[in-house]
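Residues per chain are reported as follows:
Protein chains: 6
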Amino acid sequence: MKPGPNSKLPPLLAFGAHPDDIEFGCGAVIAGESRAGRQAHFIICSRGEAGTHGTPKQRATEAHTAAALLGATVEFLELDGDSHLEIRAAHAIKIAGIIRRVCPGIVLAPSLVENQHPDHWRLGKLVRDAARLARFGGLKELRKARPHAIGQLFYYAVTPEAEPPDITPVLIDVSSPEILRSWTEAMNAHASQTQARAYVELQLARARLRGLRAGVSHAVALFPNDPLVFNSLEQTGRGERSF
Amino acid sequence: MKPGPNSKLPPLLAFGAHPDDIEFGCGAVIAGESRAGRQAHFIICSRGEAGTHGTPKQRATEAHTAAALLGATVEFLELDGDSHLEIRAAHAIKIAGIIRRVCPGIVLAPSLVENQHPDHWRLGKLVRDAARLARFGGLKELRKARPHAIGQLFYYAVTPEAEPPDITPVLIDVSSPEILRSWTEAMNAHASQTQARAYVELQLARARLRGLRAGVSHAVALFPNDPLVFNSLEQTGRGERSF
Amino acid sequence: MKPGPNSKLPPLLAFGAHPDDIEFGCGAVIAGESRAGRQAHFIICSRGEAGTHGTPKQRATEAHTAAALLGATVEFLELDGDSHLEIRAAHAIKIAGIIRRVCPGIVLAPSLVENQHPDHWRLGKLVRDAARLARFGGLKELRKARPHAIGQLFYYAVTPEAEPPDITPVLIDVSSPEILRSWTEAMNAHASQTQARAYVELQLARARLRGLRAGVSHAVALFPNDPLVFNSLEQTGRGERSF
Amino acid sequence: MKPGPNSKLPPLLAFGAHPDDIEFGCGAVIAGESRAGRQAHFIICSRGEAGTHGTPKQRATEAHTAAALLGATVEFLELDGDSHLEIRAAHAIKIAGIIRRVCPGIVLAPSLVENQHPDHWRLGKLVRDAARLARFGGLKELRKARPHAIGQLFYYAVTPEAEPPDITPVLIDVSSPEILRSWTEAMNAHASQTQARAYVELQLARARLRGLRAGVSHAVALFPNDPLVFNSLEQTGRGERSF
Amino acid sequence: MKPGPNSKLPPLLAFGAHPDDIEFGCGAVIAGESRAGRQAHFIICSRGEAGTHGTPKQRATEAHTAAALLGATVEFLELDGDSHLEIRAAHAIKIAGIIRRVCPGIVLAPSLVENQHPDHWRLGKLVRDAARLARFGGLKELRKARPHAIGQLFYYAVTPEAEPPDITPVLIDVSSPEILRSWTEAMNAHASQTQARAYVELQLARARLRGLRAGVSHAVALFPNDPLVFNSLEQTGRGERSF
Amino acid sequence: MKPGPNSKLPPLLAFGAHPDDIEFGCGAVIAGESRAGRQAHFIICSRGEAGTHGTPKQRATEAHTAAALLGATVEFLELDGDSHLEIRAAHAIKIAGIIRRVCPGIVLAPSLVENQHPDHWRLGKLVRDAARLARFGGLKELRKARPHAIGQLFYYAVTPEAEPPDITPVLIDVSSPEILRSWTEAMNAHASQTQARAYVELQLARARLRGLRAGVSHAVALFPNDPLVFNSLEQTGRGERSF
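Chains as they are written, first to last, in our numbering: chain A, 1494 to 1736; chain B, 1494 to 1736; chain C, 1494 to 1736; chain D, 1494 to 1736; chain E, 1494 to 1736; chain F, 1494 to 1736.
Since the hints were derived computationally from the structure, they do not count as laboratory data. Even for Gly, the Cβ is constructed at its ideal location relative to N, Cα and C. There could be a bad hint or two in this list.
[Stated by the list, open to error] Reference excerpt, derived from the structure (chain E facing chain F, CB under 10 Å, subset only):
# : residue
1 : LYS1587
2 : ILE1591
3 : VAL1595
4 : ALA1691
5 : LEU1695
6 : ARG1703
7 : SER1710
8 : LEU1721
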C-alpha cells in the first residue's frame, strides 16, 4: 500500500515492543491512514529475540515487509532487548528525541494494562512520559532538537486482555476491503509467529466483533490518553451502539 | 442567537429535568450548535415547582427566554413533577415517542451519577432507555411513529459532582465570545435561581478550567454513552493535554 | 440434545427477558450442562412483542424449538411485557417462588450492566434479589413453598457491551463439536431474529475469541455474583492466559 | 504436617518477600494443599533484615520451622534485600528460571496493591512477569531450562489492605481443625514477629470472617491473575453468599 | 447507656430497613455518640416480618430494648414492608419530612451496594435522595416543615459485602469497654436473630479487624456520601495505617 | 506569613518534584497551617532544570521566596534531576531518612496519577514507600535515626488531571483572605513560570470551584493515603454538598 498524496496530515508515529506488535494491534488503522495519505513511521524496540519462534534476523525482515505492506517506514530502537525492557528516564528521553525528530500529530503505543507481555505496558508508559518530555525546552540531552507537542496519544491493545477498562475507546472503521487486505497481508508477513499461533484469526475476529457491534464490517478500538477536543458536535462521529 | 442556515445537520434534542438544567449543564454547547446551523429542541420535564425560588410560571417564562437566547425551541413534558420523578417504562416510552417525532442526530441528557438531584439521573436513565426503545419496531404505544436510531447520546453534568468518573469525556471548545455571551445571558435569564446562588459563576469557572486545561479559553465536557466511531484518525480531534 | 442420565446434579434455572436471550447469551453452556445430564429449565419473561421482527406466536414457537435443541424445558412468565419491565418487589417475589419450586443449584440471569436493552439488566436485578428472597422463611406470599438456597448465581452477557467490567469471569469451555452444533442450531431456531441481524455470527465470534485466548476452540464467559468457594486449589480449574 | 501421597498434583510454588509473608498471607492454603498431597516449595526473597524485630539468622530459622509445619520446603533467593527490592528484568528472569526448574501448576505471590510494604507488590509484579517469561523459548539467560507454562497464578494478601479490589477472589475453605492447627503453629513459629504485634490474631480473624460469610468455619481468599477456565458448571464450586 | 449532657451536638438520625440493621451495622458508633451526649433517633422501616426467625411483635420489642441499650429512641416507619421495599418518590419525601422534623446533623443509612438484602440499598438510596429533598423549599407535601440541610450522610455496612469499594471510609474508634459492652448487649437483644446465626461474632470480628489495622482495639468504618470539609489539617484525624 | 506560636502541632513535611509544585498544588493549605502555628518544611527534588522557562538558579531563588511567603522552610534534595526521576529503593530510603529527621505529623506529596509530569507521581510513590520505611527499625542505612511513624500522608494534585479518582478527598477551607493572599503571592513568586502560562488563574479557579461546591469561598482537595481515624462523629467535619 502506497501512501496517498495528502501531505498536509502530520505524520503518525507508532511504537512496538516487538517486530509484530504494531501490525497485530493496530495494523488496520495504519493501513487506513497510509491510504488517506498520512505518513506512518514505526519504531520497533526489539528484534523479538526472546520469542520461541523466529530468529532476530528473520523477524527484522518480516517487520520491514509488513511495514511496507502497510505503507509505513521502520526503524529499530535499541533499548534493553526483548523481555528485558525496564522503565528508565534515559529510555523516555530517547523516545522524546524521536518524537522531536519526526514531529508526529498522532502517536500510537501499546496499552498500559500490566497483565500482558512485560515489554508492552512498559513501552506504553515510556512513550506516554516521552510525549510530555518532548515539550520540555530545558531537557539537556535534547537541546539540539526543537520541542514538539503531539496532537494525541492513542494506545492500541495487542490482545483483548490489553484493552484498558477505564478509557472509553474510539473505534476506527477499517471495513474497506483494501485496508483489510493490506492488514491481513502485513500480519501474515510475520510468518515465524503466525505458524505457531492463530494470531491472525484472533485479530480478525476482534475487528469483526467490533465491526458487528458498530454496524460496519470491521473496526479497531484505540484508547485515547487524553479527552478529545472538538469544535462542534458534528465532529464527534457517531455512537457505536448497533445491537 | 439565530440558528444559521446549515439545514443538513440532524436536529439536537436536549432533555432537562428542571427549567434551567440544560442551560447550566451544557448551554454553551447548544449555543455553538445553533450558531453552526443545527436545530436544537429542549424537552423540560418539570416546572421546577419543588425548588425554593421561583414560581412555576416564572420558571417556564425563564426557560423560554433562555432557550431563545440559545437559538433553541422548548417543550414541556409532564412526567411525575419536580422531585417526584420515578423510573417507569411508560416515561421511557413517552420519551422514545418524542425521539421518533424529532428524529435527532444528537441527544443530550443529564448524567447518570446518582449523587445529585434525584430527578437528574433518573431522567438520564429514562432517556438512555428511550434511545433504545425508539428503534424497536413492535412497541405498540408507538406504532404510528417510525422507528428512529439516533447518532449519539451524550450526557451533560449540571454540577461537577455529576461528571461520570468512568466515561472519558469529549471536550467541546466554546471559546467564541459570541457563544460565551449567549450562554451567560441564557443562564442569567433564570433570574429566580441565579439570585440565590452563584450558579453562573460556578459554570463559567468550570468551563474556564476545562478551557485552561485544553489550551483554549473555555470548554465544556460531554460524556458519550457509547464509543465514538470514526473513519480515520484525522477526525478524532486532538488530545486535551496542555498543562 | 437429550439430557444425560446424571440425575444427581441439581437443576439449572435460566432467566431470559426475551425468547432468544438465553440462547444467544449462554446457549452453549446450557448445551454442555444438558449433555452432562443436568436438567435445565428456562423462564422467559416476554414474547418479544416489542421487537421489530417476529410475531409473539412465532417467537414462542422458536423458543420452544431452541430450548428443545439445548435439552431444556421452557416456561413463560408474565411480568410487564417486552420493553415494559419495571423493578417491582412483586416481580422479585414471583421469581423467588419459581426458585423455590425448581430448587436449582445454578441460576443464570442477564448481566446488570445498564447500557443494554432495558429489560435485560432489570431482569438480572430482579433475579439477584429473588435469589435472596427465596431463602426468607417469613415471606407471606411464598409461605406454601419451602425456602431454598441456590448454589450460585451467574450472569450471562447477551452482547459484549453487557459484560460486567467489575467481575472476574469464569470461562466455560464449550469446544465440543456436539455442543457447538446444538448451540448454533438453537440460535438459528430464532429465525425471525437471525434473518435481520448477524446475531449468530456475533456470538460465535465472541466464543471463538474467548476460546483462542484460553487455548481451546470456543469458550463462554459467565460472571459469578459472589466469590466461588472451593475446598482445594485442585478444584480451581486453570487460568485463561494463553496468548 | 507431612505431604500426603498424591504425587500426581503438580507442585505449588509460593513466593514471599520476607520470611513470614507466605505463612501469614496464605499459610492455611499451603497446609491444605500439603495435606492433599501436593508438594509445596517456598521462595523467600529476603531475610527480613530491615524489620524492627529478629535477626536475619533467627528469621531464616523461623522460616524453616514454619515451612516444615506446613509441609513445605524453603529456598532463599537473593534479590536486592529487605526493603530494597526493585523491579528489574534480571529479577523477573531469575524467578522465571525457578519456575522452569520447579514446573509448578499453581504459583502464589503477594498481591499487587501498592499501598502495602514496598517489597510485597514489587515481588508480586516480578512473579507475574516471570510467569510469562517462563514460557518464552528464546530467552537467552534461560536457554538451558525448558519453557514451562503454569496453570494459574494466584495472589495472596498479607494484610486486608492488600486485597485487590478489582479481582473477584476465590475462597479456599480451610476449616479443617488439622489445617487450622498447622497454620497457627506455622505463624507462631515466627516468634520474633508475633511477640511485637497481633499478627496471628489478625490472620485468624480474617479467615474467620471470610468463613462466617461463606458458611464455613474459616476461609482464605486468593485472587486469580486470569479468569478460571472450567469444563462445566459442576466444577465452579458454590457461591460465597451465606449472610 | 444514657445520653450525656452535651446538648449542643445536633441529633443523629439513623435509618434501618429491619429492626436489627442499625445495631449490627453501626451500633458501636451510636453507643459512642450517645455517650458523648448526642441524641440518637432510629427510624426502622419494617418489623422484619419476612425473616425466617422472630415475629413482628418480638422484633419490635427487641428493637426498643436494643435502642435503649444504645441510648437511642426508636420510631417505626411504614413503607412497603419487609422485603417489599421499592424506590418511590413518595417514600423519599416521607423520609425528607422526618429529616425536617428531627433536624439532624448526622444521618446514617445502609450502604448502596446492591449485592445485599434488597431492602438495604433501596433504603440507602431513598435516604440519600431524601437528604436533598429536605432542603427544597417548594416541595408541596412538606410545606409545613422548614427545609433542613444535614451536616453529613454516612453509610454503614450491615455485612462486609455491603462495604462500598469506591468510597474511602472514615474509621470510628469504638475501643472503649463501655461502648463495646453496650453494643454487644444491643446486638444480643435481637435474640430472635442471634440464635440462628453468628451475627454478633461476625460484627465483633469485623470491628476487631478494623481496630487491629488502625492500632486500636476496635473500630467501625463509615462511608461518607460527600467529601469531608475541614478548616485545618489538625482536624483530619490520623491515618489508619498500623500494619 | 510567619508561623504562629502553636508549637504543639507536629511539623508538616511537603515534597515537590519541582520548585513550584507545592505552591501550585497545595500552597493555600500550607499558608493555613503556618498561620495556625504549624511548622512547615519543603523538600524540593529538582531545580526545574528541564523546564522551558527559568534557570535553575532563578528557580531556586523563587522557591525560597515562595516558601517564605507561606511561612515554610526549604531544602533541596538531589535525586536524579528534573525529568529524570526514577523509582529506586535508594531514593525512598533517603526520603525515609528525612522523615526520621523532621518527625512530621503530616506529610504531603504529589498524587500517584500517572498521566501527569513523570516526576510527580514517581515522587509520590517514593514518599509513600518512604513513609513505611521510616518505621522499620532494621534498615541499615538509617540505623542512626530513630524510626518515626507519621500521622497521615496526603496527596495533592498539581493539576486537575492529577486528582486521584479512587480516593475520596478531604477539603480544606482556605477562604481566609490572608491565606488567599499569601498563596497568590507565593504562586506569583514563581515568575519564571507564571509569565508563560496561566497557572495562577488555573489554581485559583480550581479552589474557587471547590469552594463554591462546599459553600465557602475557596477550598483545596487533599487525598488521604489511608482512611482517617476519628474518636467520634463530631470530629468528622461536615459534608461538602452545597449545590
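Results for each hint:
{"no.": "1", "hint": "LYS1587", "result": "violated, 21 Å"}
{"no.": "2", "hint": "ILE1591", "result": "violated, 18 Å"}
{"no.": "3", "hint": "VAL1595", "result": "violated, 15 Å"}
{"no.": "4", "hint": "ALA1691", "result": "violated, 26 Å"}
{"no.": "5", "hint": "LEU1695", "result": "violated, 21 Å"}
{"no.": "6", "hint": "ARG1703", "result": "holds, 9 Å"}
{"no.": "7", "hint": "SER1710", "result": "violated, 12 Å"}
{"no.": "8", "hint": "LEU1721", "result": "holds, 4 Å"}
Going through the hint list in order, the structure does not satisfy hints 1, 2, 3, 4, 5 and 7.
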